[in-house]
Amino acid sequence: MTATLYPHIEIAGADALIVYLGADTQPEISAEVQRLAQGLQSFQGQEIIDLVPSYASLLINFNPLLCDHLWLRKKIRETLDSSASQQECDSRLVELPSYYSEESGPDLNLLANNAGLSPEEVIALHSEAEYRVYAIGFAPGFAYLGQVDQKIAAPRLATPRKKVPKGAVAIADRQTAVYPAVSPGGWNLIGLCPTPMFDANNEPHMPVAVGDRIRFRPIGREEFFDLGGELPEFEVQS
Amino acid sequence: MQGLTVIAPGILSLLQDAGRFGQQQIGLTTGGPLDSFAFTVANRLCHNSDNACAIEVSIGGLTLESSVDSVIALTGAKLGLKINGQNKAQWQSHTITAGDKINIGFASEKNSGCRAYLAVAGGFEIAKQFGSQATVSREGIGGLQGGPLQKADLLPCSNHRDLNLLSLSEEQQDNYPDLVELRVILGYQQDHFSSVKQAIFFSSEYTVSDLCDRMGYRLEGPKVNADIEGILSEGICLGAIQVPADGQPIVLMNDRQTIGGYPKIGAVFGPDLAKLAQLSAGGRIKFSAMDINDAHQELLLAKRQLDQLVLEAL
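Sequence lines, in order, name chains X and Z. Per the working numbering, the first sequence starts with residue 1, numbered consecutively. Per the working numbering, the second sequence starts with residue 1, numbered consecutively.
Derived from the structure by calculation, the hints contain no laboratory data. Hints are not guaranteed to be accurate.
[Claimed, not checked] Subject to a maximum C-alpha distance of 27 Å in a straight line, what follows is the list of computed DSS-like cross-link-like pairs (lysine-lysine):
(1) X:Lys74 x Z:Lys110
(2) Z:Lys88 x Z:Lys128
(3) Z:Lys197 x Z:Lys286
(4) X:Lys166 x X:Lys151
(5) Z:Lys151 x Z:Lys197
(6) Z:Lys197 x Z:Lys110
(7) Z:Lys286 x Z:Lys303
(8) X:Lys75 x Z:Lys303
(9) Z:Lys82 x X:Lys166
Take the sequences, apply the hints, and build the full model.
Here it is, written out as C-alpha cells:
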C-alpha cells in the first residue's frame with residue numbers, strides 16, 4: 001500500500017464519511033480534528049446528523065435526503081482550507097480532583113512496584129502532566145485522556161473487573177480516564193475523582209469535552225469526602 | 001395515569017422512537033428500531049408520526065392490559081397478535097377498549113423474523129432523554145428506567161377514539177427469509193483487506209452466531225482478517241463491519257459503541273440491516289458490494305416509496 005497522505009477522506013458507509021487527519025496520538029493532530037469538527041458544526045441538525053471526533057479522525061454521519069457524499073467532501077475540503085491558518089481552537093483547562101491512595105486505588109501499589117517507583121512518584125507523575133481529551137466513547141461520558149508519562153504506562157489487567165466503581169481514576173497503556181459510571185473494565189485503578197463525569201439530568205452533562213486540557217489535582221481523604229466522594233468496595237484482583 | 005400495563009414483559013421488549021441523534025460527541029449511541037420499516041408502518045397504522053414511541057418486541061411473549069380506548073397495530077416478525085384471546089391480523093390496526101388484554105406470541109414457524117413492533121395511537125407518552133425516548137439498556141438511558149419493560153410497568157398513553165382502522169397490503173409487507181443478501185459499501189480500512197480476503201468475503205456464506213444482539217451481530221464463516229490487528233480508535237457508523245483478530249466479521253447495530261479500534265471493511269447498507277436484525281442464531285448471510293452513489297439513489301427511492309406507501313382503510 002502506498003503511504004497515506006493526510007488529511008484523507010474515506011467512505012465509512014452509505015451516509016457517513018470519515019476524515020483521517022493523521023495516524024497517531026498527538027495534540028496537534030487532535031487539534032486539527034477539533035478544528036474540523038467545529039468548522040462543520042453549523043451543518044449539524046441539517047445536512048450533518050452526528051459528528052464523532054476521535055484521536056486522529058472525524059466520523060461524519062450525514063442526512064442523505066439533504067445532501068450527498070460529494071457535497072460533504074467539498075465542505076470538508078473548504079473547512080480544512082479555511083481553518084488551516086487559524087489559531088488553536090479555544091481549549092479549556094479543566095481541573096479534576098483525585099484522591100490517590102491504596103483504599104481508593106487498589107492497583108496503585110502494584111503499578112508503582114512494576115514501574116520501579118514509589119506510589120508517591122506515580123501520583124506526582126500522574127498529576128503533574130497536562131492531558132488532552134482525545135475522544136469520548138466506550139460508555140456515556142467516558143473521556144479518553146492522553147498521554148501519561150511512559151514511566152507509569154501500564155497494560156490492561158489480564159482479567160478485567162466486572163465492576164469498576166464510578167469515579168475510578170485509571171490508566172491503560174498511555175491513556176488515563178475517570179470512569180463515569182459503574183461498569184466492567186480492565187484499566188489499572190489508582191484513585192477516585194469526586195467530580196461526576198456524566199449527569200444525564202443536568203446540563204452540562206459532562207465537565208469536559210473533546211479538545212479540553214485536563215489536570216488532576218491530588219486531594220486528601222477529607223477533601224474527597226467534602227467534595228461528595230464516596231468510598232466504594234473494590235473487587236479484589238487475584 | 002392511564003395506558004397499557006405490562007402483565008408479562010416477554011423476552012426483550014423495549015420502548016423505542018426513531019433514535020437518538022446528535023449525541024455521539026458525549027458517547028451516546030443512537031438506539032432506535034432495528035427494523036425501521038416495520039416500526040414506521042406500525043406507527044402509521046395508528047395515525048402517528050414516524051418518530052412516535054412504540055415497543056420493539058424481540059422473540060415475543062409480551063402481554064399488556066389496557067386502561068384506555070385506543071387503536072394498536074403489530075408489524076414485523078410473525079409472532080401472532082391476540083386481543084382477549086382472539087387472533088388478530090398483523091400489519092393492520094385494531095380497536096382496543098379499557099380492560100382488553102393484548103398478547104404477542106412467539107414465532108411458530110421458520111422464516112418468521114424475530115423483531116415485531118407494537119404501536120398505539122398517539123404513541124407512548126414518556127419523557128425524552130437527550131432528545132429521544134429510545135431505550136439503550138447498555139447506557140441505562142431512555143424508555144421508562146433505561147432498560148427493558150418490566151412486569152407491572154405502566155406505559156402511559158391516551159384515549160383515541162373514532163380513528164380509521166388501516167392495513168398494509170400483503171404485497172407491501174416484508175418477508176423474513178433465513179438467507180439474506182446484505183449490500184456493503186466498502187470503506188474505512190478496506191485497503192487493509194487483501195483482494196483475496198475481499199473475494200472470500202463476497203463469495204462465502206456466513207451464519208449468525210449466538211452472539212447477536214442490539215449492539216452487534218457476530219457472524220461465523222471463512223476468516224477475513226485484515227493485515228493489521230488494531231487501529232487508533234475511531235467513530236463507528238451504523239452497520240459498520242469490524243473484523244477482530246479471529247477473522248470473524250461483526251456487523252455493528254443500533255446500540256453499538258460510538259468508537260472502537262478494530263479494522264473495518266466497510267458498512268452494510270442501512271435498509272438491509274433490518275433483514276439482518278430479523279435473523280436469529282443460525283440465519284444465513286451473503287454479502288455483495290454496492291457503490292456509494294448507487295446506495296444514495298436507493299436511499300432516495302426508498303424514502304419516496306415510504307412517503308407514497310398506501311395504507312388501505314378497513
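#### Entry: In rising order, the numbers of the hints this structure does not comply with
1, 2, 5, 6 and 9
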